[in-house]
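Peer 1: Single-letter residue listing:
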Amino acid sequence: GAVVSQHPSWVICKSGTSVKIECRSLDFQATTMFWYRQFPKQSLMLMATSNEGSKATYEQGVEKDKFLINHASLTLSTLTVTSAHPEDSSFYICSARKDVLRTEAFFGQGTRLTVV
Amino acid sequence: LAKTTQPISMDSYEGQEVNITCSHNNIATNDYITWYQQFPSQGPRFIIQGYKTKVTNEVASLFIPADRKSSTLSLPRVSLSDTAVYYCLVGPANNAGNMLTFGGGTRLMVKP
Numbered sequence: 001g002a003v004v005s006q007h008p009s010w011v012i013c014k015s016g017t018s019v020k021i022e023c024r025s026l027d028f029q030a031t032t033m034f035w036y037r038q039f040p041k042q043s044l045m046l047m048a049t050s051n052e053g054s055k056a057t058y059e060q061g062v063e064k065d066k067f068l069i070n071h072a073s074l075t076l077s078t079l080t081v082t083s084a085h086p087e088d089s090s091f092y093i094c095s096a097r098k099d100v101l102r103t104e105a106f107f108g109q110g111t112r113l114t115v116v
Numbered sequence: 001l002a003k004t005t006q007p008i009s010m011d012s013y014e015g016q017e018v019n020i021t022c023s024h025n026n027i028a029t030n031d032y033i034t035w036y037q038q039f040p041s042q043g044p045r046f047i048i049q050g051y052k053t054k055v056t057n058e059v060a061s062l063f064i065p066a067d068r069k070s071s072t073l074s075l076p077r078v079s080l081s082d083t084a085v086y087y088c089l090v091g092p093a094n095n096a097g098n099m100l101t102f103g104g105g106t107r108l109m110v111k112p
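If you read the sequences in order, they're chains A and B. Heads up: the first sequence at position 93 corresponds to 93 in the numbering used here, and the numbers run straight through without jumps. Heads up: the second sequence at position 93 corresponds to 93 in the numbering used here, and the numbers run straight through without jumps.
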């Protein structure tokens, strides 16, 4: 099956620093990728839709200046958490679907961000 | 997007069949029903997708009644490794640009 890979799997950073998370579709092209955030014992919450070659679409309540999304190619989207704070500590997950009908979404393995 | 309602949690024992029901009363004509499985600290994984009646694959079966207002994921003979959160999602599958909206999910605990 198709593979979506995230890097890093986990990261610890200091408050005030920025962290970049990469999401790659390894064996298919994805014009659209999605970024989710998941807090412990909670469901996935969509943060933004990443569009190749154009600006990302952010969900209500998600600060676009804090969570920078770049979808520079058909196989790579990046999420940068800028000026991270402890409340940004969470599990970040990306997903993508092949650009054909009726296919399931493929998810990355997630990135555990801890801000200290 | 159609809202889904699932039990928050379920317990089962190894070797039993587990049925998880999802309600989606306002499902639209072009909506499909998809189930995902998520283990701790991992991204969700696709289990099965259907539109109506019954769908079966090597992992599970999905039962969808004629009115499509609910669906049931059936896991035959569960094992400890099936302990996970199971999400029912409803939405159109007509293009890759449609994001998935996750509900609360059902936390399944399989006991020895």
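It is worth saying that the hints were derived from the structure and are not from the lab. Quantities reported herein were computed from a predicted structural model and do not represent experimental measurements. Misleading hints may appear alongside valid ones.
[Stated by the list, open to error] Using 27 Å as the maximum straight-line C-alpha spacing, the simulated DSS-like pairs for lysine-lysine come out as follows:
1. B/LYS69 with A/LYS55
2. A/LYS20 with A/LYS98
3. A/LYS41 with A/LYS66
4. A/LYS55 with A/LYS41
5. A/LYS41 with A/LYS14
6. B/LYS69 with B/LYS52
7. A/LYS98 with A/LYS55
8. A/LYS14 with A/LYS66
9. B/LYS111 with A/LYS98
10. B/LYS52 with A/LYS41
11. B/LYS3 with B/LYS69
12. B/LYS54 with A/LYS98
13. A/LYS20 with A/LYS41
14. B/LYS52 with B/LYS3
15. B/LYS54 with A/LYS41
[To be verified] To list a few chain B residues with every Cβ distance to chain A over 10 Å, as calculated:
16. ASP11
17. GLY15
18. GLU17
19. ASN25
20. ALA28
21. ARG45
22. SER70
23. SER74
24. VAL78
For every residue, glycine included, the Cβ atom is placed at its ideal position computed from N, Cα and C.
Peer 1: State for each hint whether it applies.
Peer 2: Status of the hints after comparison with the structure:
Taken as a hint, the B/LYS69 and A/LYS55 pair is broken in the structure, with Cα atoms around 36 Å apart against an allowance of 27 Å. Pair hint A/LYS20 plus A/LYS98 holds up; C-alpha atoms about 24 Å apart against a cutoff of 27 Å. In summary, the hint linking A/LYS41 to A/LYS66 is supported, as the alpha carbons are separated by about 24 Å, within the 27 Å threshold. Among the hinted pairs, A/LYS55 with A/LYS41 is inconsistent with the structure: their alpha-carbon atoms are about 31 Å apart, more than 27 Å.
A C-alpha spacing of about 24 Å is found between A/LYS41 and A/LYS14, which places the hinted pair at or below 27 Å, so the restraint holds. The hinted pair formed by B/LYS69 and B/LYS52 meets the criterion: a straight-line CA distance of about 10 Å does not exceed 27 Å. For the proposed pair A/LYS98 and A/LYS55, the alpha carbon gap of about 20 Å is at most 27 Å, so the pair holds. Distance hint between A/LYS14 and A/LYS66 is fulfilled; the C-alpha atoms sit about 15 Å from each other, no more than 27 Å.
Our distance criterion of 27 Å between C-alpha atoms is broken by B/LYS111 and A/LYS98, whose separation comes to about 37 Å. A C-alpha spacing of about 31 Å is found between B/LYS52 and A/LYS41, which places the hinted pair above 27 Å, so the restraint is violated. A C-alpha spacing of about 11 Å is found between B/LYS3 and B/LYS69, which places the hinted pair at or below 27 Å, so the restraint holds. Restraint check: the Cα-Cα separation between B/LYS54 and A/LYS98 comes to about 24 Å, which is no more than 27 Å; the hinted pair holds.
Note on A/LYS20 and A/LYS41: the hinted pairing holds, with a Cα-Cα distance of about 24 Å set against a maximum of 27 Å. Under the criterion of a C-alpha separation no larger than 27 Å, the hint pairing B/LYS52 with B/LYS3 is consistent with the structure, at around 18 Å. Among the hinted pairs, B/LYS54 with A/LYS41 is inconsistent with the structure: their alpha-carbon atoms are about 31 Å apart, more than 27 Å. The non-interface label for B/ASP11 is consistent with chain A: the shortest C-beta to C-beta separation is roughly 17 Å, beyond 10 Å.
The beta carbon of B/GLY15 is kept farther than 10 Å from every beta carbon of chain A, the shortest such distance being approximately 28 Å. Remark: the non-interface label on B/GLU17 is consistent with the geometry, its nearest Cβ contact in chain A lying 24 Å away (cut-off 10 Å). Consistency note on B/ASN25: stated as away from chain A, and its beta-carbon is indeed over 10 Å from all of that chain's, at 19 Å minimum. Listed as a non-interface residue, B/ALA28 keeps its Cβ farther than 10 Å from every Cβ of chain A; the least gap is roughly 15 Å.
Its closest Cβ contact with chain A, about 7 Å, brings B/ARG45 to no more than 10 Å, contrary to its assignment away from the interface. With a cut of 10 Å on Cβ distances, B/SER70 stays outside the contact zone with chain A, its closest approach being about 19 Å. Every Cβ of chain A is farther than 10 Å from the Cβ of B/SER74; the closest lies at roughly 18 Å, confirming the non-interface assignment. With a minimum CB-CB distance of about 21 Å to chain A, B/VAL78 clears the 10 Å threshold, and the non-interface call stands.
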